[in-house]
Each structure stands twice: as structure tokens, then as C-alpha cells.
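S.K.: Quick mapping for you: the protein sequence lines, in order, are chains G and D. Remember, this note's numbering sits 11 above the position in the first sequence when you count from 1. Remember, this note's numbering sits 6 above the position in the second sequence when you count from 1.
Rather than coming from a laboratory, the hints here were simulated on the basis of the structure. Just so you know, these numbers come straight off a predicted model, no measurement behind them. Just so it is clear, CB atoms sit at the ideal spot from N, CA and C, and this is done for glycine as well. Hints should not be assumed to be uniformly reliable.
Facing chain D, from chain G, some residues (calculated, C-beta under 10 Å) [claimed, not checked]: (1) V136; (2) L162; (3) G206.
Partial pick of chain G residues on the chain D-facing surface, computed with a CB cut under 7 Å [said to hold, decoys possible]: (4) G180; (5) P201; (6) P210.
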Amino acid sequence: MPNKNGSVYGLTILSPIIEDEKATPSHDLQIRNYLSKLSTREDSPFALAPGTHLARLVVMDDVIYVGMPACEEHLKSKYLIFESNLDGDLDGYLNGLAASIPEHLDAIWQHCVGYPGAGSRRAFVDYMKACQIETTFFFAAVNDKSVTETLRALQTQTAVTDFIARHQGADASTLQRDFIAFLGYLKSLPLPKAGSMGPHRPIETGGRNE
Amino acid sequence: MSKLNETDIQGFVLRGYNLPVARYLFLHFEGAKHARSLIARLLGHVTTGQRWDGAKPQSTMNIAFSQRGLERLELPDATLLTFPVEFQQGMKHRAGILGDDGLNAPERWDEVWRAERVHAWIGVNGLNAEAVEARCAEVLQAMSETGGAILLGSQDAAAEMVNGRPTTSEHFGYTDGFGNPDYLGVERSSQPGQGKLLPDGTWAPLATGELLLGYADEAGELPVAPVPHLLASNGTFMVYRKLHQNLATFRAYLDKQAALYPGGKEKLAAKFIGRWRDGTPLELSPDGPNPSIAQDSLRSTNFTYSADADGARCPIGAHLRRVHPRDSFGFNGRLINRRRITRRGLPYGRFAAEGEPVSDSEERGVIFMALNASLSRQFEFVQQQWIQYGNDARLGNDKDMLIGSHGGRGRFMVQGDATTTNPPFMCGNLPDFVELRGGEYFFLPSITALGMIAMGLVDPR
Chain G
12 MPNKNGSVYG
22 LTILSPIIED
32 EKATPSHDLQ
42 IRNYLSKLST
52 REDSPFALAP
62 GTHLARLVVM
72 DDVIYVGMPA
82 CEEHLKSKYL
92 IFESNLDGDL
102 DGYLNGLAAS
112 IPEHLDAIWQ
122 HCVGYPGAGS
132 RRAFVDYMKA
142 CQIETTFFFA
152 AVNDKSVTET
162 LRALQTQTAV
172 TDFIARHQGA
182 DASTLQRDFI
192 AFLGYLKSLP
202 LPKAGSMGPH
212 RPIETGGRNE
Chain D
7 MSKLNETDIQ
17 GFVLRGYNLP
27 VARYLFLHFE
37 GAKHARSLIA
47 RLLGHVTTGQ
57 RWDGAKPQST
67 MNIAFSQRGL
77 ERLELPDATL
87 LTFPVEFQQG
97 MKHRAGILGD
107 DGLNAPERWD
117 EVWRAERVHA
127 WIGVNGLNAE
137 AVEARCAEVL
147 QAMSETGGAI
157 LLGSQDAAAE
167 MVNGRPTTSE
177 HFGYTDGFGN
187 PDYLGVERSS
197 QPGQGKLLPD
207 GTWAPLATGE
217 LLLGYADEAG
227 ELPVAPVPHL
237 LASNGTFMVY
247 RKLHQNLATF
257 RAYLDKQAAL
267 YPGGKEKLAA
277 KFIGRWRDGT
287 PLELSPDGPN
297 PSIAQDSLRS
307 TNFTYSADAD
317 GARCPIGAHL
327 RRVHPRDSFG
337 FNGRLINRRR
347 ITRRGLPYGR
357 FAAEGEPVSD
367 SEERGVIFMA
377 LNASLSRQFE
387 FVQQQWIQYG
397 NDARLGNDKD
407 MLIGSHGGRG
417 RFMVQGDATT
427 TNPPFMCGNL
437 PDFVELRGGE
447 YFFLPSITAL
457 GMIAMGLVDP
467 R
């Protein structure tokens, strides 16, 4: 199935944006405005809702004519593109979004043609699936592990390396005693919030500097 | 393109002079007219890339400008606005992207860099202090006679001398200066391992456009450059960073960790960098230094990491492997060919022998200068992604152990194997061994472009 790679699902949704000359600012700009203010860290809606590895929302106005020898072409509409690498099956994921972040979904997709609202769960899932296109090929750097497994693994890695750094050279009985205590402590730790494990940077370019 | 016009390119770009003493002068222009006459006066004395053929000069002199300097020289707005954004902004404003925070933050820089008043850099290298002094006196005389610039400050730097001969050591005790790449058309005594890796395992020079503006780069494109073409061509961009070295902290940290590391102190020191302190690559000689390798130009840079994917010989986070990953990321090393920089520079401050009492507060470090066609694609990328972050090397948020901004919270994993003298080892609570004390981005123009600037001939139309 081209939308899946191992246990990861690559979702692509194209939702046509409402074209309304009377709307000021236009619907596409209202989406851009809302997206520009969303967090890319643990407060991101897609970190609050379950199951997202990476998600990206893009407003696509049109295809740009780049000059000869290209031919000039145009889209029929402006589109909101939603791409997501997610865990598990699509229905469960979409239901999870609608249950966790309905106000964000409505704030974004209310500017799209035919959007029924996240409150009507069945209609929401049907709408999203109607807008879905086949992903065909995607890259998800997630080792075929779920979001929860990945967060737990990162937490364990950090905690274990800290433990090792603190205990190198310790005698065997101290090491055993402390390690048993450490294991209990590690198990008691709550799962880290999605989006919280990356480096803290003063810039929000999403990574690469170009 | 077979051969570059070496007489039109500043010598500093094409070769490390191997002159052991240097002074870098930081100039401030008062007004365009006098500043131009100063450049005109210096023009004939700028050292070019022309070969010396045995007659090595006593001293050399090169010149570069900051964006503010070019503004003060009154280059046309239509030219100034075409310089790459990162150059226009200057290094201080790129602190967020470069990770220059904590002890490296601009608020803590030397006054001369904090104020962003440096308009030009003049680099003087010499065989000895007297030669440098004499050349600087000529420059200062030209400055005063033309009224073209005032001297804001200067920086002395010099190689460590042992038995009357200069070394390539830096203050932490490592042999430095192995890694500069080869470029098409640049004549130098090249050695395998210094260019780009080819699928058959041999090495070839990088495209000229990775170093010089006006030539095709590794993507077959011309690097982003200001207009007119003649102003940019045969020029390059230079990063200047004064990197203070906390020698007492480094020595104490190494001693403390070495007491716990079964491989011994020198091996741990080698694991930090990827070379034994004499320069022998860990990859080629994992159990001890080997001068016959370190001093053999056919071997000292001729290695790859594909047979050491787990880092048992050279740790994946070792400084050398981070900043020049060779084939570490697969694809025969092709992912790194557009991220190479050419390093220049010398240490500054007094060298202290092992065991001699030292203090972090002593003025001591390295003047790091890097040349590249694109500051953002080359230097800034390496700094941001490979030094201040670890994802490309699959090291998560870990930073470069040697020059990362750690704030006491950094860590460095020494991978190992099942043998007793090469076990895995974790270095935690990394302090900042190196602190940035200031710097700037400069444009190092060609000789032709210097003449255009001096005569007010820069015309973007």
C-alpha cells in the first residue's frame, strides 16, 4: 500500500480554499496568519493530538510560471496541503485529531470548501478522506517505531547516558544498587511531551538555515 | 578551466603561507575618498597568488572588507544590496543561527567586535616578528598619510616555536592544519583525502566555485555573488573568529575523565579529536600514535569511515569526524562536498608546556579564519548542524565536544569495542573548552576588484 511504509502512514490531504472576493483578508491569508502563529514544539496542535511524527501545513496559491521554455499553467483553486507521518490507521488518527484539537482544525479548515467542522466526527473523517490523495512515495525518518516508543526511547537514552556519566568508575555494589534505584526511577517517569526533545534554538526556521 | 589567474587572486585565498607570525589589523574608515586613496596606495603591495618559486617573501599583506566597510567606501547601493544576506547582516547578527550563545554570546565579545565598527581586515604574515612589524609600519604609515582609516585594534598570532622551528600545534596540544580541501585549478602540493571522494575510492579536487566566486561550484552553478561579476569574480568570503581556549579547564577535564578511562589519557585525548596529539589519524592507527603515518602526506589525510560505522576506532562525535565527515553519511561522501571550508589562521597567546600551571583567564586561543564561496551554505551550515547539533551524525542534540557551546551540560560518547583498552566511555557535564571572543564576515576581493573599489569604478549596471 503506497500510503504506508512499515507501520508509518504517509498522509497527504489537499483541501481547496474558499475563493471569496468579498472576504478581507482573503481565506488563504487567514490560514497563513493562523499557521504562522502555531508552535513547532510541544505546544503544536500536532504534538497535543496523538500519533503524529511529523506534520506540515502549506498554503499553495498557484503554480508559478518560471519563464521559457516552461508553459504557463494554473491551478483551479488555492489549496491547503496537509502532510503527516502518523502511527496506525487513518480513521483512528483522524478521529484522534478531531477529539484532541477540534478548535485548531476548525480555525484552519473553516476556510476550505465544504468543511463540515470537527464537531461532526463522522462528517469530518469523511471530508478529510475525500480530500486525500495517494502519497505514492514518502520518507519518514522514524525507524518504524511509534511516536510513544520513540519518545520513550529518547528519554531512556538520555537518562541512561546521564547515569553512565555519573557512575563511570563506581564499584560494582554501588553500581548495582544505584542501577536498581535508577530503573525504578526511569519506569516512574512520565512520557515526555511530543515536540519537547529537540534542541532549543532562538530561531524558528525549522532546522536548516537555507 | 585549467589554470586560475593567480596574479588576480589574493594569495591568502590560494595558499596557507606557512609563515609563522601574523598580525591582523582592524581598520575603521572615516570617509570614502580617503579610504579609497588608502586602498589605492596599498594595491601594489597586496600579496597575490603568484607562485614564489623558492623566493619566499619576508612578509605578506592581504585585505578584506566587512559589509559596513563596503558601505563606508560608498559602493553603489545596487551593488551593496546584492551581497548575500548573511554577509550584509554580519556575524554578530547571525548569533542565533550559529549558536553563539552562553559564554559565546556577542555581549561577551571583545569591544572591537561588539561595536561592529571594523570596516576592513588587513592580514600580515611574516617569517618573524620583525618582518611583520616592518610591514605593519608601512601599512600604518599609509593609513596616516592618506587619512584613509584609523586602527581600532590588532591581533597578534604566532605558531609555537620548538628548537627555533615553527610547529603546527595548538594550545590543547594537538597538531593542527591537516584538513584543507583541494580545488580545481589551484596549484598546491595536494594529498589524498583533501578533496572529494570518488566512487572508486580515490580523491579529486573540489569545484573551484566552492572557494572562489565566479566559477562553477559542486552543483555546476555559480555561487551567489554581488554584481557586477567583475567585483565578485576571483574573490571569496572570509569568516574571522577569535576562539579563546580555556586551557586549565581542558587539562583538568581530560585528567579527570582519563582517570576513569581504561585506554589511558592520550588515547582519550585522541578520541576527542580523531587524531593522536601528534596528528596520527585514529582511523589508521587506533592503538597509538605513529609518526610515520602522521608525517606521510600520502597517508595522513587518506582515510574514510565506512569501515568504522560504529565509531570503535574514531568516535562518531570526534571533532575531526564531525567537521569533515568524509563518507560517514554514505553516498560515497557526496553529501558533504558542498559543506567544505578552507581554514587559515594561527594560535595566539603564550604556549604552556604540559604540567605548567595555567589559568583560563590568560589570553590564549586560535584565530580561526575560514574561506568559502557561500558563508551560509558552507561555514554557517557546518557550525549550525555539525558543531552545535548532532542529528546528521545520529547523535541527537549532542554538540561538538571541543568547540560546542555546552554550558556544563554537554556530553560526548566514545564508542568502543569489547577489548579492555578500548571500552565505550561517556564524557558527561562538558564545559565550554572554547569561547568565541568576537569576529566578523569579510569579503576578500580580487586584485582587479580592489582596484575598482580604490578608483570608484564599481558599476552594477
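S.K.: Now tell me, hint by hint, if it's right for this structure.
M.R.: Going through the hints against the structure:
This hint is violated: V136 (chain G) has a C-beta 34 Å from the nearest C-beta of chain D, more than the 10 Å allowed. Here the hint on L162 (chain G) is broken, as its CB sits about 13 Å from the closest CB of chain D, past 10 Å. Hint on G206 (chain G) is violated. Least Cβ distance to chain D is approximately 14 Å, over the 10 Å limit. The interface hint given for G180 (chain G) is met, as the beta carbon of that residue sits about 4 Å from the closest beta carbon of chain D, less than 7 Å.
The beta carbon of P201 (chain G) is not positioned within 7 Å of any beta carbon in chain D (closest approach about 20 Å), and the interface hint is therefore violated. Restraint check, P210 (chain G) versus chain D: the minimum CB separation of about 5 Å is within 7 Å; hint holds.
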